[in-house]
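**Student:** What follows is each chain in one-letter form.
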Amino acid sequence: MVLDHPPRPARRPCWRWFLTLLVALLPPAALAEDKSHIKPAAEKSFRVPYQLTDTKHILVRARINGKGPFHFIIDTGAPTLFVSTESAKKHGLEAGKEGWSEFEKLEIEGGPVLEGVKARVETPFQVSGMNAMGLPGIRLDGMLGYTVLAHYRIELDLTKPHMIWTRIPWQPPAPQGISENGQAPAEIAVMGNMAKLLQMFIQKRPAPVFVQRRMLGVELSDSGSGVTILRVLPSSPAALAGMKEGDRITHFQEKPVTSLADLHALAAEHAAKEELSIQVNRGGKEQVLSVKTGRGL
Amino acid sequence: MNSFAAFCLLVVVPAQAEPAPAAPPRPQVAKATTVPMEVLRSKHIAVQIKVNGKGPYRVIFDTGSPVTLLSNRIAEETGLISKDQAKTPALFGARGMGTAKTLQVGDIVVEDAPVMIMDHPALKAAGRVLGQLDGIVGFPFFCRYKSTFDYEAQTISFVPVEYRGVGMDMMQMVLVMMNDRSGKPLQKVQSPTTLWGFRVERAEGDPDAGVVVKEVLPESPAARADLKVGDRLLELDGTWTESVEDTYRAAAGVPAGQAAKMKIRRGMDEISITIVPKSGL
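Protein chains in written order, with our numbering: chain B, 1 to 297; chain X, 1001 to 1281.
Hints were generated in silico from the structure; no laboratory data involved.
Glycine is no exception: its CB is placed at the ideal position from the N, C-alpha and C atoms.
Please note: incorrect hints may appear among the correct ones.
Said to hold, decoys possible - Calculated pairs, EDC-like style, for lysine to aspartate or glutamate (alpha carbon to alpha carbon, straight line, at most 16 Å):
1) K244/B - E254/B
2) K67/B - E115/B
3) K67/B - D54/B
4) K67/B - E1242/X
5) K1146/X - E1162/X
6) K1050/X - E1111/X
7) K1188/X - E269/B
8) K1101/X - E1111/X
9) K1214/X - E1201/X
10) K1188/X - D54/B
11) K67/B - E94/B
12) K292/B - E274/B
13) K1146/X - E94/B
14) K1146/X - E275/B
15) K1054/X - D1107/X
16) K160/B - E1162/X
17) K1228/X - D1269/X
18) K67/B - D1208/X
19) K1228/X - E1201/X
20) K255/B - E286/B
21) K1101/X - D1112/X
22) K44/B - D1150/X
23) K1031/X - D1107/X
24) K1050/X - E1076/X
25) K1228/X - E1215/X
26) K1031/X - D157/B
What the hints assert, rightly or not - Incomplete in silico selection of chain X near chain B, CB under 7 Å:
27) R1041
28) T1063
29) T1148
30) D1150
31) Y1151
32) P1160
33) V1161
34) K1188
35) L1195
36) W1240
37) Y1248
For reference, chain B alone in the conformation it holds in the complex (with noise of 0.2 Å):
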């Protein structure tokens, strides 16, 4: 047990539910005519890309009607595809009646297309309370909930790039709405009131800057005894460099390099260097090469 007792005073502010995302009331509209099909055949699997948000949401791109891309969670938690009010204006997509619309068409980045897609254009408090304090690190534009997931099965694993969908043939039944009057309960308007409220006392947080690697035009080897130029384009910087075929690197920026991962290490760690000292073994001689790394992958 860790909760320790008595009390102690407010130090850890408990507000976390303000991130969770469960969106669990849907207005009595139900979806019973959810016509959504999927092109092409059953059974293709895709290979869908995703980011991981700072918030440790699953983030994955779509374009609905051929508009975007937009932003949305994958999330079990979600009866169905909600996008946020703000972005279906943006991209001029009409909210129907009572909020709900049908999409022509999804496109899942990756392969994944769905037809006549139901949606929520709604902005859940979750969402818009973490982009108004930039929590995530991205956009966020929504969420997809179970009227798309259902028509596949998905496979997730954090430590690859891509999940994996592959389409189940069946016609997933519609999700019926749970909420008792066609009102939220009285607790979640409060907790949606107090997210808005928590908004206008803290700082937005900024967006993140992308540093990408500069290049220096060198093919590598790992042979177990340490990292060797296979190959060096024409005219790359390596080569203006000096670097030759066969070299072994021994240091990048003054740092020992015995492997690949030592290198690339160094190399993300010194991501925007415009020069850099590397020091080769050449037929048993150590030099010391000062390149000027290009821009590019």
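Given chain B's structure and the hints, the job is docking chain X onto it.
**Tutor:** For chain X alone, coordinates are given in the frame of chain B:
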């Protein structure tokens, strides 16, 4: 006004939780384990769990939840909080974070599972219609597995993987944010470990899809794939390349020596070429 103080004033929640030592839960099984899921009328997923050997309890399985959450009822029954603690008034019954010695989902047992204790209003509301729901199983559990969701078969199967990326939790993140007044953006380094031999750019306000190839190094994988300066790269290995970041992210997902498709627009034509990146830099 100091926003941190304001924040504390706003959320007057007795937070008596001791932060859990960051011991990651260890999967106890080595092969695929299939767990039945109950697809609720609302189409949320419910699973049966045991906490510290007690239960079973019915909870929601939520890939959209960054935390695993337990109600005060479970927390009290399983000894995570005392009876007195459970009675102390708190907004949404929020008691902070705790650590379950064991958290069992189907036949899978994880040890030292970080859990958040509170009565989530959405669970309460859903429970009134769908039957009692006492928590949410979220990211800290499923990140340890290759998880396969099948709504038709009504199962989730789990194969343990070596995922070590849990890192900072969100509460810490928010506290850091509020204490860090620098407003400096976080730097994210993109550092693929492969050599491709091309450079792309995207002009500000470019109305068309994709990134434009600005340079192709001779004899590089890109040159051998016949990529040309001026081509518009639309997709790399199935990833939409709407930005330079997208391009690097996609490249980072392709191991050296593995063929990847590039969808490009060249003039009026849309063509697909195959590129094989090399181990390199």
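**Student:** Go through the numbered hints given earlier and state which of them the structure violates, listing their numbers in rising order.
**Tutor:** The structure breaks hints 1, 3, 13, 14, 32; every other hint is satisfied.
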